[in-house]
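Kindly generate the complete structure, drawing on both the sequences and the hints.
Chains as they are written, first to last, in numbering that gives the first Met the number 0: chain A, 0 to 391; chain B, 0 to 391.
It is worth saying that the hints were derived from the structure and are not from the lab. Just to be clear, a hint being listed does not mean it is correct.
As the list makes no split between identical chains, a pair holds if one copy fits it or if it spans any two.
Computed cross-link-like contacts, SDA-like style, restricted to lysine to any residue with a CA-CA straight-line distance of at most 20 Å [to be verified]: (1) Lys-321 <-> Arg-64; (2) Lys-236 <-> Gly-191; (3) Lys-380 <-> Asn-57; (4) Lys-236 <-> Ile-121; (5) Lys-12 <-> Ile-389; (6) Lys-120 <-> Ser-96; (7) Lys-130 <-> Ser-292; (8) Lys-321 <-> Asn-57; (9) Lys-120 <-> Leu-110; (10) Lys-120 <-> Thr-105.
Number of protein chains: 2
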Amino acid sequence: MSYTKYPPANDLKLRWGRLQELLSEEGTDACLISSSVNIYYLTGMVFNGFVYLPVNGNPVYFVRRPEDLRHPCALFIRKAEDIPSLLLKNNLGIPGSVLLEADQMTYSEHLRLQALFPVAKIGNATPLLRKQRMIKTPWEIEQLKYSGKIHAEVYSKVRDCYHPGISDVELQTNVEREMRLAGSIGLFRSFGSNMDIYMGSVLAGDNAGAPSPFDYALGGAGVHPSLPIGSNGSVLKEGMSLMVDMAGNYTAYTTDMTRVFSIGKLPEKAYYAHQVSIDMHHRLISETVPGTSCADIYNYTLQMAANAGLSGCFMGVRQQAKFVGHGVGIEINELPVLMSRSEDLLQPGMTFAFEPKFVLSGIGALGIENTYLVTDTGIEKITNFEENIIEL
Amino acid sequence: MSYTKYPPANDLKLRWGRLQELLSEEGTDACLISSSVNIYYLTGMVFNGFVYLPVNGNPVYFVRRPEDLRHPCALFIRKAEDIPSLLLKNNLGIPGSVLLEADQMTYSEHLRLQALFPVAKIGNATPLLRKQRMIKTPWEIEQLKYSGKIHAEVYSKVRDCYHPGISDVELQTNVEREMRLAGSIGLFRSFGSNMDIYMGSVLAGDNAGAPSPFDYALGGAGVHPSLPIGSNGSVLKEGMSLMVDMAGNYTAYTTDMTRVFSIGKLPEKAYYAHQVSIDMHHRLISETVPGTSCADIYNYTLQMAANAGLSGCFMGVRQQAKFVGHGVGIEINELPVLMSRSEDLLQPGMTFAFEPKFVLSGIGALGIENTYLVTDTGIEKITNFEENIIEL
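If you want it as structure tokens, here you go:
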């Protein structure tokens, strides 16, 4: 497994070409990209500015900062309003139709950018990029595999992060430190405005059942009302489960993996529920092929929870999440989503996390999460680490 | 100094009343708030949903999640489209004009919300909230003072986070751990889409001069091209300065403070530049009163840098920031901004960071940053910690 900081030119060209196919299918002339996430996707860098990709030809990087960025595609601007004249000066023409990231930029920013092209038809670039980014390129898959490998190495140190009497916050802090030393970039990128979080989540005992406002599988009360998610300062005690769901952001691409530790032994029903989650993963691994429907996976998972008599505590108790998995990549919540109303079919090159979880009152959260790559013939697990409950 | 997790009811009522005055001045009937930051400001909680504040009367909390939130102002919704009928059912009427957070929500979200009020005049709530949040309430000031106190306690541990041969990333990781153990909520809230960062920044040696795409005073190359800011893995060596600019997010309100450490002794010009920054703070403290112009502070700071012969390395070298300070609060980059085109005058209740910094080639960053509260007669420093260069 190789790890390089920058994508090779041919991998970027593959991305440009695929996006140009989508632009062509939409019948649009160009897109103008401004989000950090999609600028990174299209250039392998983050800069303050825009990427202009016409339906044919090379992209232009309109760069505001850093002021000394060196790249053959770069043209420097002071402000967005400089773009039209630079397009004309470089014989690229003014597009008759252009897509902007309407699901990512603010209303005010959108008004400003659409005014650059007063006679153009304006469309939404976000769904196209989200759709394209579902299918990873070869270099992106390498990044995810590398993240998964380090993710597992860090989880092997969780045991050393524990000592009797420690709180969930302190344990999480120790894990965060191991993550950073292993190369975690720290920042956790997500799509949408409702995904506030910090490095990931550690849930101990009944805090796993505390509902959260955010779009995560499980909640947790958090340490402060201004960030109601995750660990809440609970002291770890005999008979509690400890669910570790920290990010695998060791490259720009994040794997997602959850494991459960126990303080001493847990009641028998905890092992039972945990095994149901593992069985769900086994079924996923044995049955999934390109073409498998995301809704079908959600539905049979729900059915298996019901057959096990665990419907009431599946994906939460006081509040139950309505999905069992999601795409991962530059953002932790990419497409596809494994939920009942998904119309997506799995395709080779997709990478997704599957996270069937249970919350048992008086014990805590059970179940595992792995990240999988869809191959030509099935799926490959890229987060390989002990799956049974690990006693501390 | 008291610290309570939730604002008292009278402090929230003060905020509602002030915002209602601003709504009234705008001649608008109501605002509908959806950002986590402004929901927190208006309720002392974060939930998934909306705060509807009419120009008269109490707010309504339209809550989607958590599903078990208990509050006298709460009405539960499944989706935004439920709001108009609930307004009618509760005899609140449909507003003839309503403000939405146009500088914070996405274009698509804005279209969806404005469609709830098809005949209403729609305006922008963001500038009103930004303007109001400049002036802190008594409880908010307590939060900032508490954050400042813990901020200083954590900085007193930086020395213990160092050992010879350590890298900037490892030292930052050690500081992050101390921050978390001292109660840092981790997440770092900021306004705008161009403020990606993680917990704060540690800049060692020449990495301090690396330009960044983001809107911070100084840059740094970062550990990965997908997050080009801050520490880059440099090993700390004799003669390097180490600038620590980590967040003070020990409540929902963040103080901002920068201190400089040195590996052994630095060349004489480093102490000279550092003293110029301290002199700028002395002038700020002695001259600032309510009514002082933010632009004036920027201008005399720039002049002092020129008088000291340090213009070329003030606020960066390869790229120079065009501000020397900024408001702080729930977000690290609130109003006012200390820059030449600011029209703001300082007023009692404002809290702002002042950060005149220099970057010397071959040495690193120098200068300090403090957070100040504007009082009725002057300013009060709320980040009290040794200001001279601290030798490691």
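Hint-by-hint comparison with the structure:
1. Taking identical chains as interchangeable, the C-alpha atoms of Lys-321 and Arg-64 lie at most 20 Å apart only when they sit on different chains, with a minimum of 13 Å there against 41 Å within one chain.
2. Taking the shortest Cα distances, Lys-236 and Gly-191 never come within 20 Å of each other, neither inside one copy (36 Å) nor across copies (42 Å).
3. For the homomeric pair Lys-380 and Asn-57, neither the shortest alpha-carbon distance inside one copy (36 Å) nor that between copies (53 Å) is at most 20 Å.
4. In this assembly of identical chains, Lys-236 and Ile-121 lie within 20 Å of each other by CA distance neither inside one copy nor across copies; the values are 57 Å within and 53 Å between.
5. Taking the shortest alpha-carbon separations for Lys-12 and Ile-389, neither the intra-copy value of 44 Å nor the inter-copy value of 49 Å comes in at or below 20 Å.
6. Taking CA atoms no more than 20 Å apart as the test, Lys-120 paired with Ser-96 passes inside one copy only; the shortest distance there is 4 Å, against 29 Å between copies.
7. Proximity of Lys-130 to Ser-292 under the C-alpha cut-off of 20 Å is restricted to the intra-copy arrangement: shortest distance 16 Å within a copy versus 49 Å between copies.
8. With identical chains, the CA atoms of Lys-321 and Asn-57 are never at most 20 Å apart, being 41 Å at best within one copy and 33 Å at best between copies.
9. Proximity of Lys-120 and Leu-110 under a CA criterion of 20 Å is satisfied in both settings, with 13 Å inside one chain copy and 17 Å between copies.
10. Proximity of Lys-120 to Thr-105 under the C-alpha cut-off of 20 Å is found in both arrangements, the shortest distances being 19 Å within a copy and 19 Å between copies.
When each numbered hint is compared with the structure, violations occur for hints 2, 3, 4, 5 and 8.
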